[in-house]
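From the two separate chains plus the hints, produce the assembled complex.
Protein sequences appear in the order of chains A and B.
For reference, each letter of the first sequence is one residue, going 131 to 634 in the working numbering.
For reference, each letter of the second sequence is one residue, going 10 to 155 in the working numbering.
Some clues are possibly wrong.
For the chain B half of the interface with chain A, some residues (derived, Cβ under 7 Å), not all of them [to be verified]:
#1 T16
#2 Q30
#3 S53
#4 F57
Taking lysine-lysine and the DSSO-like style, the derived pairs with C-alpha atoms no more than 30 Å apart in a straight line are [as the list claims (entries may be wrong)]:
#5 K143/B / K146/A
#6 K379/A / K418/A
#7 K292/A / K11/B
#8 K422/A / K627/A
#9 K418/A / K627/A
#10 K623/A / K292/A
Chain A regions said to be covered by chain B (calculated; three or more residues, Cβ under 8 Å) [unchecked claim]:
#11 302-316
#12 581-591
Think of the hints as simulated: they come from the structure by calculation, not from any bench.
Each residue gets a CB set at the ideal place from its N, CA and C atoms; glycine is no exception.
What follows is each chain in one-letter form.
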Amino acid sequence: MLEALSVAFHELFSIKIILMIIAGLFGGLMTGALPGLTATMAVALLVPFTFAMSPTDGLILLGAIYMACIYGGSFSAILVNTPGTPSSIGTTFDGYPMALRGEGERAILVATYASVYGGIIGVIFLFFLSPPLASVALQFGPPEYFWMAVFGITIISSLASKNIVKGFIGGGIGLLISTIGIAPIGGEVRFTADFPQLQGGVELIVALIGFFCIPEAMTMIGQRTKQFHLAEAKRQPRIFLGTLQEVMKRQGNLLRSSIIGTIVGILPGAGGSVANLVAYNEAIRASKTPEKFGTGYIDGIIATESSNNAVVGGGIIPLVTLGIPGAPPDAVLYGVLLLHGLRPGPELFTTHSQIIYTFILSLFMATILMLPVGVICGRALHRTVVRLPIRYLAPLIIFLTVIGSYSIRNNITDVFIMLVLGVLGYILKRLGFHPGPITLGLILGPIGEMGFVQALLMGTTLPNKWMIFFDRPLSWVLIIMSAVSLCWPLIAKRLAKGWKIKEM
Amino acid sequence: MKSDRITSIVFILVGLAFWLQSGGLQYNCYIFPRFLVFLLIFWSAILFGQTFRKVRPPQDRESRDDLRYILVAIPIVLVWIILLDILGFVVSGVIFLSILTILLDLERPKFTRVISVIAVYIAVVLAFWFAFHKLLLVPLPEGYLI
Numbered sequence: 131m132l133e134a135l136s137v138a139f140h141e142l143f144s145i146k147i148i149l150m151i152i153a154g155l156f157g158g159l160m161t162g163a164l165p166g167l168t169a170t171m172a173v174a175l176l177v178p179f180t181f182a183m184s185p186t187d188g189l190i191l192l193g194a195i196y197m198a199c200i201y202g203g204s205f206s207a208i209l210v211n212t213p214g215t216p217s218s219i220g221t222t223f224d225g226y227p228m229a230l231r232g233e234g235e236r237a238i239l240v241a242t243y244a245s246v247y248g249g250i251i252g253v254i255f256l257f258f259l260s261p262p263l264a265s266v267a268l269q270f271g272p273p274e275y276f277w278m279a280v281f282g283i284t285i286i287s288s289l290a291s292k293n294i295v296k297g298f299i300g301g302g303i304g305l306l307i308s309t310i311g312i313a314p315i316g317g318e319v320r321f322t323a324d325f326p327q328l329q330g331g332v333e334l335i336v337a338l339i340g341f342f343c344i345p346e347a348m349t350m351i352g353q354r355t356k357q358f359h360l361a362e363a364k365r366q367p368r369i370f371l372g373t374l375q376e377v378m379k380r381q382g383n384l385l386r387s388s389i390i391g392t393i394v395g396i397l398p399g400a401g402g403s404v405a406n407l408v409a410y411n412e413a414i415r416a417s418k419t420p421e422k423f424g425t426g427y428i429d430g431i432i433a434t435e436s437s438n439n440a441v442v443g444g445g446i447i448p449l450v451t452l453g454i455p456g457a458p459p460d461a462v463l464y465g466v467l468l469l470h471g472l473r474p475g476p477e478l479f480t481t482h483s484q485i486i487y488t489f490i491l492s493l494f495m496a497t498i499l500m501l502p503v504g505v506i507c508g509r510a511l512h513r514t515v516v517r518l519p520i521r522y523l524a525p526l527i528i529f530l531t532v533i534g535s536y537s538i539r540n541n542i543t544d545v546f547i548m549l550v551l552g553v554l555g556y557i558l559k560r561l562g563f564h565p566g567p568i569t570l571g572l573i574l575g576p577i578g579e580m581g582f583v584q585a586l587l588m589g590t591t592l593p594n595k596w597m598i599f600f601d602r603p604l605s606w607v608l609i610i611m612s613a614v615s616l617c618w619p620l621i622a623k624r625l626a627k628g629w630k631i632k633e634m
Numbered sequence: 010m011k012s013d014r015i016t017s018i019v020f021i022l023v024g025l026a027f028w029l030q031s032g033g034l035q036y037n038c039y040i041f042p043r044f045l046v047f048l049l050i051f052w053s054a055i056l057f058g059q060t061f062r063k064v065r066p067p068q069d070r071e072s073r074d075d076l077r078y079i080l081v082a083i084p085i086v087l088v089w090i091i092l093l094d095i096l097g098f099v100v101s102g103v104i105f106l107s108i109l110t111i112l113l114d115l116e117r118p119k120f121t122r123v124i125s126v127i128a129v130y131i132a133v134v135l136a137f138w139f140a141f142h143k144l145l146l147v148p149l150p151e152g153y154l155i
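Only chain B is shown next, with the shape it has when bound in the complex (with noise of 0.2 Å):
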């Protein structure tokens, strides 16, 4: 309950923020995210409010996942992407896959694991390259390297 009354007053200022935003545009393009503004700080409003009821509604939450590989998959994920024009979609794709797999290993990696796990993903990373790049002529991120 704690969580949704905090969730309302963050929604209820998202809408006042786009409120302000939409303050110097002309009709034709304040109009309706105006309106919008106006729906979403009222349903929060009632979430806000339903959060003092004895009654509760039903909640539909997720069951309890370990924060702390999700907060170190994050920064990964966001090294990469940055890494993706540095270093091309390949070797940084390969680096990326490898790293975030031994991270999730249970077992306690050793090096012929590793190796095997590197050499999977080269072939995967390079298979998806060349339908990409090669066949679809699809562009993909370039770097420095492929």
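In isolation and in its complexed conformation, chain A is listed as follows (with noise of 0.2 Å):
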């Protein structure tokens, strides 16, 4: 291993790689700050470039892409109210507002120092804790992955603590328009109201682009006699130690919310989309001021852009030790190793352990370049967003999300569906339905029904066959964490009012 680790510096330290890994950073951000290119898109487009690379070259490139992409996401989320991919929707609800008071600069800082945080400790888990971590995800069967799904519904209460009937409300009809298509299992076709476009579902990036995007411009029309720009950029001195200085003092949230990435990324088919919300959820669980997330706070950034990054090393663990990709990007990757002829598994460490290596500690450099590259992206974007005035900057908005929707499946019809999913997405919040519940039902309900079907027909060798849902120590504890985050807000309230009782 030693010998290995020693030619993996090596090889790391070169010009070429360093040019390589910037190249791959920079072309990353730009894709994840675009709404409706993913990480997995960015990933799958550059694959055939990597057809004349050495191995490491082609997975160092790749990685950095991912990465960066991931990252880049939440540029859009701040600027413009619209996660750039589905991992920075929970980085909207603070994000924005941040950048609507004018400090849409030190937003994107709190974004970047986050990131980089989770990515190192995303790659920390990667490098040190790969096989037993991969056990943990073999452990997670049907069951499991419905209750997750329950789990992650239940964050509805705290993503929409205003008025949390129309939160469920907006959770059940992002899980309802999730059902549209072929059923999973069984393969019948459902609530296509006979048009046969619709066979294929809703696809996720254009629910996402419709359901953020659409309604942004559309308010931006709306009060364009109001104001002329999005927003005044403030002057902030020192804002670049000052905000490294306040991100790093909320070391608890940094911590949970990587961890949080790390493990849900490690678990197939969950992803940073599910990572963010969730460990958005946390940080307002743990939080003694709950009622400051949502309106512009830096603790939303930071649990939201650490757990999404820390994805990243932790949807490779059970690539690179069992075989099984973590979250999309990684079937990916999975796919440029197998036509490297590498095989992924456990014998990636024995057999190619200086490519492997290599790999992860270009994981560890591209998440520290992100650091540079991404300020200076970042600012340059942010005062490009802001000196742009509305009458611009929504017609544009609406033009890179006719692209992005277009693009995931090269289908008009896609863009169709994103345009009436926006305008409903509109209605809806004009009638105070926020979109992170609807998008939030949406991620959640392939997962749910899979699980659920899947567990009933388990369920079958069993007497009842409702037991299988009961029946493992694993559900418990998810059951338990689905129960504790329904009822928390009632929980808090008792709390903090206890705590004020105290305090007299």
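Here it is as structure tokens:
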């Protein structure tokens, strides 16, 4: 191992590799910032470029793109209230209010520092704890996936604290939209209203763009007579060091969110889209000032951004130890490993240890280099967006939504669906329904349904098939977590009352 | 409150429509959606009930927008999407972006300003077309023109 490590270090500190990482970071940041272009797509698009490279170089480039793409999603989440990737949904909740207050640059810096922190924690776990953590993923069966989805849904009670009922209705709508198309088990076509175009279902990214981007662009259009620019940028002295100190003071939030990101990343099928919302929920629950979340509070950005970048390292753990991709971009990496004649699995660490250690160390280096590259790109993008008049910004956002929704499946129907969902999202927003719970439902619907139906099929071996959901210890852990999460607003009120009485 | 009442009724009807649509499906295909429909109707009924309460839950409403511009913008976007497959990405994109920008301009558009807007958008759309179509090889809508 030590020999492989020393060779990896030697290989990594060359000008060629460093330049390649920087190029990958730059490309990843730009792709991540464009709504609709996901990390999976960015990594997949760049695969042909790696054909001519050695396996190590190819993996290094794709690893840098993956890491930067997840972080780049925060730029559009903060600046235009549109998550660049599903991993940044939670970043819109506090990032955009900060941008509207003229603190967009500070929000981007918070996202940068938190992303670097989360990325490093994820890579550390990948380096030191791969085998034991990978075995946790194997404990997860269909009932656990179902309960994980239920736990995810209970997050709505934190996301929609102003009106929980509307939050759960939004979640229900998202879950129902996710069932449109071919059933995952059984294969029957459902709820398409005889439109064959809907047989493939509603693509998550298309819905995400519709529910977040279009309502925002419409609000800009509707308020065009009231404001000329999105926000006035405030001049903030000592912003780099000041923000760094502020972020680093929140070690508990950083560490907790990074660990959540790593663990969710290890679970196949979950990924950054689930991790950022779970981490956001846990940050609210752990906070003494939960009422500040959603108003432009840096703890919200710290939670989502550190967790989603920790997913990168976490998702690679089952890939390199078991040959199971943790998140969708890891599935593309799986293909790249195969293309270069490397079989993902435990033997990677024995037969190709040098390649795999170079890859892990390159991820570490990419995370560190993300700091300067991210700050430069983030500031430039912030200045552009803030200075751009609304009359240019709103049409350009709609333009990007069309490119993003079309390029997912190269299908014009997706663009129409995006517009319909966008108009629906705008109406719902005006009626007080937040897009967060709706997209949460869309993300968790397929995970929940697959787990639910598969578990019922598994349960046919038991006297009562429904007992399968209560038959395993890990299921009970998730049931208890769900119950606590659901009741947390009430528990938090009681605790707050108790603290007030004590203070008096 | 009146809007919440109407919204809750609409969602109950949406739930019932999903329930009816699931009628001819096999057990494994309808069990999960029906469970969701039950939850949607349950929460919508609670929202309906809340509208009769004297103590009302806090509202999370957006500030008022000028709906006239939104109602003009939506058909423009719709027409653009239809034209994407006819005129192509570049031509339709430049037309759409220019029209919407001129519509949102607070000042009365002068000829030179209109020309500069169109010129800017030709550059922007061509840059995107080159990056996606030529560099990344991501297909973009193609019509009779580019």
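Results for each hint:
1. Among the interface hints, the one on T16/B holds; its C-beta lies about 6 Å from the nearest C-beta in chain A, closer than the 7 Å criterion.
2. With a least beta-carbon distance of about 5 Å to chain A, the hint placing Q30/B at the interface is held under the 7 Å criterion.
3. The restraint placing S53/B at the interface with chain A holds, with a minimum CB-CB distance near 6 Å, inside the 7 Å limit.
4. Given hint, F57/B at the interface with chain A, is violated; its Cβ is 10 Å from that chain's nearest Cβ, farther than 7 Å.
5. Distance check on the hinted pair: K143/B and K146/A sit about 26 Å apart at the alpha-carbon level, within 30 Å; holds.
6. With a CA separation close to 15 Å, the supplied pair K379/A and K418/A stays within the 30 Å bound.
7. Restraint check for K292/A and K11/B: satisfied, since their Cα atoms lie roughly 18 Å apart, inside the 30 Å limit.
8. Taking the CA atoms of K422/A and K627/A, the gap is about 17 Å. The hint holds against a cut of 30 Å.
9. Proximity of K418/A to K627/A is assessed by CA-CA distance (about 12 Å); at most 30 Å being required, the pair is judged to hold.
10. A threshold of 30 Å between alpha carbons decides the hint, and for K623/A with K292/A the separation of about 14 Å falls inside it, so the pair holds.
11. Counting residues of the segment 302-316 of chain A whose CB falls under 8 Å from any CB of chain B gives 8; the rule of at least 3 is met.
12. Counting residues of the segment 581-591 of chain A whose C-beta sits closer than 8 Å to any C-beta of chain B gives 4, which meets the bar of three, so the coverage hint holds.
Violated hints amount to a single one, hint 4; each of the other numbered hints is respected by the structure.
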